[in-house]
Every structure is written in structure tokens, then in C-alpha cells.
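Visitor: What follows is the residue order along each chain.
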Amino acid sequence: MRSLSVSMPRDLLGIEGLPAASISALLDLSETYIDTNRSLVKRRDTLSGRTVINLFFEASTRTRTSFEVAAKRLGADVINMEVAASSVKKGETLLDTAMTLNAMLPDALVVRHHDSGAVNLLAQKVNCSVINGGDGQHEHPTQALLDALTIRRRKGRLEGLLVAICGDILHSRVARSNIHLLKTMGAQVRVVGPATLMPTDIDRLGVEVHYSMRTGLKDVDIVMMLRLQTERMSGSFVPSVSEFFRFFGLDEEKMKATRPGALIMHPGPMNRGVEIDSAVADDLQRSVIHEQVEMGVAVRMACLDALIGGRRNALPGAA
Amino acid sequence: MANGSDGRPVAYINARLIDPSADTDQRGAVLIGDGKILDYGANLFSGGAPYGIATVDCRGHCLAPGIVDLRVHTGEPGEEHKETFDTAGRAAAAGGVTSMCILPDTEPPFDDASLIEFVARRARQVKLAKMYAYGALTLGLKGEQLAEIGLIAEAGAVAFTDGDRAIASAQLMRRALYYAKTFDVLIVQTPQEPSLSTGAMNSGEIATRLGLGSSHRLAEAIQLERDMRLVEMTGGRYHASKISTAEGVDIVRRAKARGLKVTCDTAPHYFALNEIAVGDYRTFAKVVPPLRAESDRQAVVEGVRDGTIDCIVSDHRPQDVESKRVPFALAEPGVVGLETLLPIALELYHNGQMSLPRIWQRLAATPATLFKLPGGRLEKGAPADLVLFDPDIAWVIDPEKFESKTGNTAFDERPTQGRALMTVLDGRVIHRDNKLWPETVAA
Numbered sequence: 001m002r003s004l005s006v007s008m009p010r011d012l013l014g015i016e017g018l019p020a021a022s023i024s025a026l027l028d029l030s031e032t033y034i035d036t037n038r039s040l041v042k043r044r045d046t047l048s049g050r051t052v053i054n055l056f057f058e059a060s061t062r063t064r065t066s067f068e069v070a071a072k073r074l075g076a077d078v079i080n081m082e083v084a085a086s087s088v089k090k091g092e093t094l095l096d097t098a099m100t101l102n103a104m105l106p107d108a109l110v111v112r113h114h115d116s117g118a119v120n121l122l123a124q125k126v127n128c129s130v131i132n133g134g135d136g137q138h139e140h141p142t143q144a145l146l147d148a149l150t151i152r153r154r155k156g157r158l159e160g161l162l163v164a165i166c167g168d169i170l171h172s173r174v175a176r177s178n179i180h181l182l183k184t185m186g187a188q189v190r191v192v193g194p195a196t197l198m199p200t201d202i203d204r205l206g207v208e209v210h211y212s213m214r215t216g217l218k219d220v221d222i223v224m225m226l227r228l229q230t231e232r233m234s235g236s237f238v239p240s241v242s243e244f245f246r247f248f249g250l251d252e253e254k255m256k257a258t259r260p261g262a263l264i265m266h267p268g269p270m271n272r273g274v275e276i277d278s279a280v281a282d283d284l285q286r287s288v289i290h291e292q293v294e295m296g297v298a299v300r301m302a303c304l305d306a307l308i309g310g311r312r313n314a315l316p317g318a319a
Numbered sequence: 001m002a003n004g005s006d007g008r009p010v011a012y013i014n015a016r017l018i019d020p021s022a023d024t025d026q027r028g029a030v031l032i033g034d035g036k037i038l039d040y041g042a043n044l045f046s047g048g049a050p051y052g053i054a055t056v057d058c059r060g061h062c063l064a065p066g067i068v069d070l071r072v073h074t075g076e077p078g079e080e081h082k083e084t085f086d087t088a089g090r091a092a093a094a095g096g097v098t099s100m101c102i103l104p105d106t107e108p109p110f111d112d113a114s115l116i117e118f119v120a121r122r123a124r125q126v127k128l129a130k131m132y133a134y135g136a137l138t139l140g141l142k143g144e145q146l147a148e149i150g151l152i153a154e155a156g157a158v159a160f161t162d163g164d165r166a167i168a169s170a171q172l173m174r175r176a177l178y179y180a181k182t183f184d185v186l187i188v189q190t191p192q193e194p195s196l197s198t199g200a201m202n203s204g205e206i207a208t209r210l211g212l213g214s215s216h217r218l219a220e221a222i223q224l225e226r227d228m229r230l231v232e233m234t235g236g237r238y239h240a241s242k243i244s245t246a247e248g249v250d251i252v253r254r255a256k257a258r259g260l261k262v263t264c265d266t267a268p269h270y271f272a273l274n275e276i277a278v279g280d281y282r283t284f285a286k287v288v289p290p291l292r293a294e295s296d297r298q299a300v301v302e303g304v305r306d307g308t309i310d311c312i313v314s315d316h317r318p319q320d321v322e323s324k325r326v327p328f329a330l331a332e333p334g335v336v337g338l339e340t341l342l343p344i345a346l347e348l349y350h351n352g353q354m355s356l357p358r359i360w361q362r363l364a365a366t367p368a369t370l371f372k373l374p375g376g377r378l379e380k381g382a383p384a385d386l387v388l389f390d391p392d393i394a395w396v397i398d399p400e401k402f403e404s405k406t407g408n409t410a411f412d413e414r415p416t417q418g419r420a421l422m423t424v425l426d427g428r429v430i431h432r433d434n435k436l437w438p439e440t441v442a443a
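Heads up: the sequence lines are chains A and B, in that order. Counted from 1, the first sequence has number 51 at position 51 by the numbering used here; the numbering is strictly sequential. Counted from 1, the second sequence has number 182 at position 182 by the numbering used here; the numbering is strictly sequential.
None of these hints come from the bench; they were simulated from the model. Each residue gets a CB set at the ideal place from its N, CA and C atoms; glycine is no exception. There may be inaccurate statements among the hints.
Listed next, with one range per pair, are the computed distances between beta-carbon atoms [unchecked claim]:
1) A/200 to B/198: 33 to 41 Å
2) B/198 to A/231: 30 to 38 Å
3) B/170 to A/278: 35 to 43 Å
Some chain A residues well away from chain B (every beta-carbon gap over 10 Å; in silico) [as the list claims (entries may be wrong)]:
4) 9
5) 19
6) 24
7) 31
8) 35
9) 36
10) 61
11) 97
12) 105
13) 171
14) 196
15) 198
16) 238
17) 246
For lysine-lysine, the following DSSO-like pairs were computed, each having C-alpha atoms within a straight-line distance of at most 30 Å [claimed, not checked]:
18) B/181 to A/183
19) A/218 to B/405
20) A/256 to B/181
21) B/380 to A/218
Using the sequences and the hints given, assemble the complete structure.
Guide: What follows is the structure, given as C-alpha cells:
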């Protein structure tokens with residue numbers, strides 16, 4: 001197995017600030033785990049004896065399962081905690097929960113929280129590695145990494161590609177992490193959506209802003225769709241589902257503006273007929289949505305390995 | 001009779017041409033054919049019209065682009081007893097109005113694309129004026145949820161508004177401006193802060209003497225100031241309708257000086273009348289916003305004159321007798337205006353405040369430009385929508401003679417000067433000599 005050629009920090013809290021070399025190293029390491037996952041015996045003992053706690057303050061099946069599979073395939077002991085259902089209702093604070101778990105001496109905490117910055121706060125209070133599994137509208141680093149891995153495998157590179165991220169940019173941590181990663185790796189990024197779903201001064205992140213799919217998707221190599229939450233569909237941010245789908249839902253017609261061979265991505269779960277039409281979502285020639293899920297496990301294995309697999313301390317200049 | 005709609009060219013000669021875009025007022029002629037202006041100018045046919053072309057002798061009267069009225073309420077659909085597209089079209093033809101934008105506060109309101117298509121279909125049937133529809137800004141005009149602005153704009157809505165209801169929530173207005181920017185559509189707001197605008201007339205001595213609940217004049221400034229900040233924040237396109245106070249004029253003037261994408265309009269009653277018109281509980285002088293103080297009226301005149309106020313609209317709002325013959329506080333607001341817009345606007349000319357081309361900038365050219373409509377200017381290839389008028393003819397406004405279905409005018413019995421003699425729509429004469437032209441009626 002290749003070893004990481006650059007140092008990793010203790011935690012993976014976000015993509016912002018992560019240098020291109022670290023991102024490349026994580027993607028390279030992920031590649032090796034794709035082979036592991038595709039072989040008959042998927043289990044390694046890289047993390048044998050280590051404890052990973054999945055601490056989810058926000059309901060999630062897909063991401064939590066992906067992290068769980070990743071940790072188990074590396075031989076770690078995995079504990080899942082859905083805090084939304086227990087402690088918080090008893091009035092326990094975020095930091096109380098963190099300190100309690102910290103006292104059990106885990107090696108890594110994978111944390112998802114509905115408030116932006118909550119994972120960073122928690123990371124300051126614990127002694128183990130922390131992986132951000134998605135915090136509010138801030139970052140979702142493993143999603144951006146798995147998206148990048150998917151693109152790199154299909155297109156052979158990230159640099160120079162034109163990527164459109166479409167839909168609810170305002171509320172999306174996936175969009176933010178992807179913008180940081182893609183910009184760092186030399187891709188060109190556009191954000192496309194109604195102005196009501198654009199964060200203020202988003203152009204300052206180095207992206208082009210488009211309010212029309214026709215111009216936004218013109219000649220792009222990658223179309224990344226985002227999920228529109230149900231509570232944002234009627235009246236406040238967009239008038240209705242039908243209007244959103246008509247102007248911002250991805251369908252065959254809108255795909256015509258893209259470069260031939262353009263890929264369709266979605267972090268899931270999809271709202272069919274809201275942000276994406278089934279005909280394009282299920283088109284295996286262009287849609288890599290299921291591949292993204294597969295890459296997700298490999299990327300999370302790589303992240304766990306890089307942070308707690310014993311590589312970190314062996315590297316010069318490690319924190 | 002010569003008629004430009006059958007394709008044969010017709011020359012309107014010996015006219016006093018009012019060209020708002022060029023800001024000129026000079027003798028000349030207009031040649032029309034195929035419903036369009038083929039040529040025009042001071043030198044056209046100065047040596048006499050060539051043989052074989054039908055001519056209309058304008059006898060030195062003013063020939064100007066037909067009026068583009070951005071603010072017309074009809075009763076259709078829902079209140080056809082007050083006005084229909086037919087009667088509104090007849091009133092427009094009589095008043096020299098060739099394009100009108102219809103407000104969405106009907107029953108049901110225009111918060112669905114199908115209603116915009118309904119207006120277009122009815123306009124094609126009526127053929128007395130070009131009729132466009134506003135889309136509702138919020139669902140049911142309730143000021144809570146955005147309407148399907150994208151779909152409604154695609155169906156042909158020219159702008160978005162909740163009519164006389166201002167959007168109270170700053171967050172909703174902010175999102176509306178952002179969302180409208182997405183589709184590059186214009187938002188039109190009647191800027192009267194709703195919680196301060198619940199009374200029947202303007203706050204002040206007269207309201208106090210009459211014992212009427214009142215709406216404070218600063219309700220306009222408060223709403224406008226907020227909206228200017230939201231325009232600054234969002235970069236959305238915004239048009240304030242029916243500016244009625246000195247502060248309102250001033251706020252728009254300063255916003256324009258700062259470079260904001262803001263325009264506004266007012267209606268004749270705000271520069272020709274003040275709160276005294278309410279007099280002895282005259283419900284025909286009840287309008288939204290209410291008639292203001294004399295100092296406000298003067299400021300509005302100055303705003304129209306210096307261009308701070310971009311457009312003059314009729315704010316035509318028919319009300320039947322049952323809606324007006326009730327105690328003042330209970331009366332429905334609104335006046336009809338299609339047939340009095342031209343003569344009352346001409347008062348600015350007779351009072352020496354504005355030239356005719358400048359007045360036509362406010363009545364036709366600027367409204368058409370703002371709403372991206374085809375009429376409103378003398379231009380080769382533009383639709384031959386024209387009004388021939390005598391600016392000096394004296395008459396007394398008599399609602400009994402209105403083409404409009406109702407006679408709720410605040411200008412009843414007002415002696416006035418200037419009147420449309422002929423209205424031409426797409427080259428067709430549709431009104432002449434104080435009556436609808438027979439061919440049109442037959443059609």
C-alpha cells in the first residue's frame with residue numbers, strides 16, 4: 001500500500017484550507033480501497049483495535065452507514081450514536097456529550113450536526129481525531145472528496161474541468177465543500193440557481209454565478225445537482241415545485257447545453273421531479289450517482305486510515 | 001375612409017408632431033402602413049403628399065404616440081358589473097390610451113400563468129387597446145408566499161405587483177427582489193407601510209375635523225426607505241407606484257442620484273388634487289394612497305417636472321354606485337381615469353410646468369421603455385399607435401358621457417382643456433369625433 005506523501009492534520013473538519021497535495025494524497029489512498037471493496041474479502045486490519053464513534057446529531061442513514069462500513073472494513077470497532085433521539089432531549093449539551101464520549105477514549109469521532117461550526121467546537125474539546133460528517137450549512141468534506149474521486153476516475157483529472165453546482169446553494173454544505181475542493185484542484189466552478197438560493201457574495205469564493213440553467217450549464221463537463229429540502233419548496237425561497245423543476249430541475253433539454261460526455265452527479269437522496277428528472281438520473285451513460293455512493297466508502301476508509309491508521313505520526317511535520 | 005390596417009399607406013399630414021424621444025414639438029407628418037409607422041418627420045410630405053396615398057389632414061392638431069397606461073384595474077374577471085375588457089377598451093380608445101397594463105387584483109387574482117393567457121385572449125377579442133397583465137407577486141396577493149414568477153413571466157406578465165397592497169415583510173420583499181432578479185422581471189410596489197395606512201384619508205386637520213380614521217403621509221417614506229435599502233442589497237429592479245408625498249419624491253430622487261435601479265410613477269389626482277377634494281365626505285375622492293396635503297401635491301408636480309417621477313398612470317379603478325354610496329370609511333377606494341388622464345396631464349402644459357414632448361415622455365415613451373412594450377414612441381417600424389388631440393379645446397368633465405362602465409371620477413364637473421380627437425391603434429382608427437369609429441364597433 002502506498003503511504004501518504006504529505007502530513008495530515010489530526011482532524012478533517014473541512015476542505016477549506018486543505019492544500020492540493022493533501023487532497024491528492026487522500027484521493028490516491030482512496031483508489032487503493034476501491035480495489036479492496038471490490039474484492040471478495042473486503043476486510044483489512046489497518047484499524048484493528050481502534051474505536052470509531054459515529055456521533056450523529058442529525059438523522060442520516062446513508063452517510064452514517066457509509067462511515068460504518070468504511071470503519072468496519074478497516075477492522076475498527078464501531079459504535080453508532082444517534083444523539084437527536086437521546087441525550088439532547090434530556091438537556092445534555094453538545095460539549096457534555098463530547099466530553100462523555102471522550103472519556104471512553106475513542107480513536108475517532110465522526111460527527112454530524114445541524115448547526116454550522118458545531119463540529120469544530122467539539123473538536124477543540126476532545127483528544128481524538130474528529131471527522132466532520134456534515135455540519136449545518138458549512139462543510140461536508142468527505143462528500144466533496146468522494147465527488148472529486150468520482151470525477152477524477154471518469155475524467156482522469158480535476159484541473160481545467162468546468163463544473164456547475166446547481167440548485168439550493170444557500171443551504172448546502174455540499175456546495176461549499178465542493179467549491180473549496182474544486183477551486184483548490186484547479187477546476188472552474190459555476191453555481192446555478194435562483195437568486196433567492198444564492199448565499200451573499202458567493203462570487204467571492206471564486207465562482208461564476210448564473211441564474212439560468214441555459215447559461216449556467218453551457219459547455220460544462222460536470223453537472224452537480226443539490227437536494228432541495230421540502231420546507232424550502234413552497235413560497236419562501238421558490239414559489240413551487242413545478243416552477244423550480246421547470247427552470248432549475250435537470251432534464252434532457254437542459255443537459256443539451258453541456259459538453260458532450262458531461263457527467264451528472266447528485267449527493268442523494270434525490271427528489272425526482274424536483275431537482276432532477278428520472279430520465280437523466282437513471283441514465284447510466286451519464287449519471288454517476290451510484291458510483292458516488294461506492295466512492296463514498298473508499299474515501300471514508302482513506303480518511304480514517306490517514307487520520308488514525310498510524311500513518312500520521314510516522315510522517316515528518318505531522319501535527 | 002382611409003384606414004391603415006388594410007396595408008395601404010395613409011399619410012397623416014399637417015400635424016403638430018409631439019415626439020417624446022427626440023423631445024421635439026414641430027409641424028410634420030406621419031406615414032403609416034401595415035399597422036406600423038413607415039416614416040415621420042418635419043420634412044415628410046412638406047411639399048404635399050404624393051399622388052395616390054390616402055391622407056388625413058390633422059389641421060395643425062397634435063399628433064403623438066398613444067398613451068401607455070401602466071396602471072388599470074378592470075373588473076374582469078370577477079367584478080364584470082364594474083368594468084369589462086370591452087368597456088375598459090372603449091374608455092381607453094376615448095382617452096387616447098393605446099396600451100394598458102392590467103393589475104392582478106381581480107377575482108381570482110393573476111397568480112397563475114393561465115390568467116395571463118386569459119388577458120391576452122380577451123385583448124385579442126376586444127381589439128380596442130393593447131392589454132398586458134401584471135402577475136401577482138405573492139400567492140393570492142396575501143403577501144406570504146411568492147407566486148410562480150418564472151412561469152407567469154413566461155406566460156407574458158409584464159411586471160409583478162400585489163397591486164395596492166404593499167409587501168409588509170422585509171424578508172419577503174428581499175426574497176421577491178432576488179427572485180425577480182433571477183428572471184430579470186420588474187417588481188412594482190405601492191409603497192405605503194400597511195400598518196400605518198389603515199385609515200380612509202390623509203392624516204391631518206381635515207381628517208380630524210371630519211372625524212375620519214387616517215393614514216399618515218410618512219407611511220410612504222417609511223416603506224420607500226426600506227425598499228430602497230432592499231434594492232441596494234439585492235440589485236433587483238423596482239418601480240414605486242403612485243408617489244403621493246414630498247418625502248416620497250425626495251427619497252426616489254436621492255436613490256436615483258445614488259445610482260439605484262429605481263423608477264416610479266404617480267397619478268393625475270396626486271398632482272391635480274389635494275385632501276381638500278374630500279370636502280364633505282366625497283367618496284369619489286377616496287383613493288389609495290389618500291389625497292395628500294397641498295405641499296405634497298406641489299412636490300409631486302415638481303417630481304414629474306424634473307423627471308424624478310418617470311411615468312404618469314391613470315390608476316383607473318372603476319367602482320359601482322353601491323361601492324361608493326356608503327359612509328366614507330366604508331367606501332371602496334379608486335377613481336376611473338382612462339378618459340381624464342390626457343386632459344388632466346395637459347394641465348401641466350397649460351400651467352407652464354412642462355412641454356408637450358416632456359409630458360409624453362411620462363405618458364408614453366418612458367412607460368413603454370420600462371415595461372419593454374412596443375408602443376409609446378414615434379419610430380420607423382413601431383406600431384402605429386397614435387393619438388390626435390387638440391390641447392386647447394375647452395370642455396367640462398361629465399361622467400355621464402364616459403365610455404367606462406362606472407363614473408366614479410374625482411374630476412366631476414371640472415372645467416378642463418384638451419381632448420383626444422382621434423385614436424389610432426395599429427394603424428386602425430378606433431375612436432374619432434367623440435365616438436368609437438363605426439368600423440371598429442361593427443368589428
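Visitor: Now, for every hint given, state plainly whether the structure supports it.
Guide: Verification of the supplied hints:
1. A/200 to B/198: 33 to 41 Å: Roughly 34 Å apart at Cβ, these two residues keep to the hinted range, so it holds.
2. B/198 to A/231: 30 to 38 Å: 32 Å, holds
3. B/170 to A/278: 35 to 43 Å: For residue 278 of chain A against residue 170 of chain B, whose Cβ atoms are near 39 Å apart, the range 35 to 43 Å holds.
4. 9: 37 Å, holds
5. 19: 35 Å, holds
6. 24: Given a closest Cβ separation of 37 Å, the condition holds.
7. 31: 40 Å, holds
8. 35: 45 Å, holds
9. 36: At roughly 46 Å from the nearest Cβ of chain B, residue 36 of chain A sits farther out than 10 Å, so the non-interface label holds.
10. 61: Holds, since 31 Å exceeds 10 Å.
11. 97: 33 Å, holds
12. 105: Its Cβ never comes within 10 Å of chain B, the nearest being 47 Å, so this holds.
13. 171: 14 Å, holds
14. 196: The assertion about residue 196 of chain A is violated, with a minimum of 5 Å to chain B.
15. 198: 8 Å, violated
16. 238: Violated, because the least Cβ-Cβ distance between residue 238 of chain A and chain B comes to about 7 Å, which does not exceed 10 Å.
17. 246: Incorrect as stated: the minimum Cβ-Cβ distance to chain B is 6 Å, not above 10 Å.
18. B/181 to A/183: Holds. Residue 181 of chain B to residue 183 of chain A sits at ~27 Å (cutoff 30 Å).
19. A/218 to B/405: 53 Å, violated
20. A/256 to B/181: 24 Å, holds
21. B/380 to A/218: Roughly 37 Å between the alpha carbons, so the hint for residue 380 of chain B and residue 218 of chain A is violated.
When held up to the earlier numbered hints, the structure conflicts with 14, 15, 16, 17, 19, 21 and fits the remainder.
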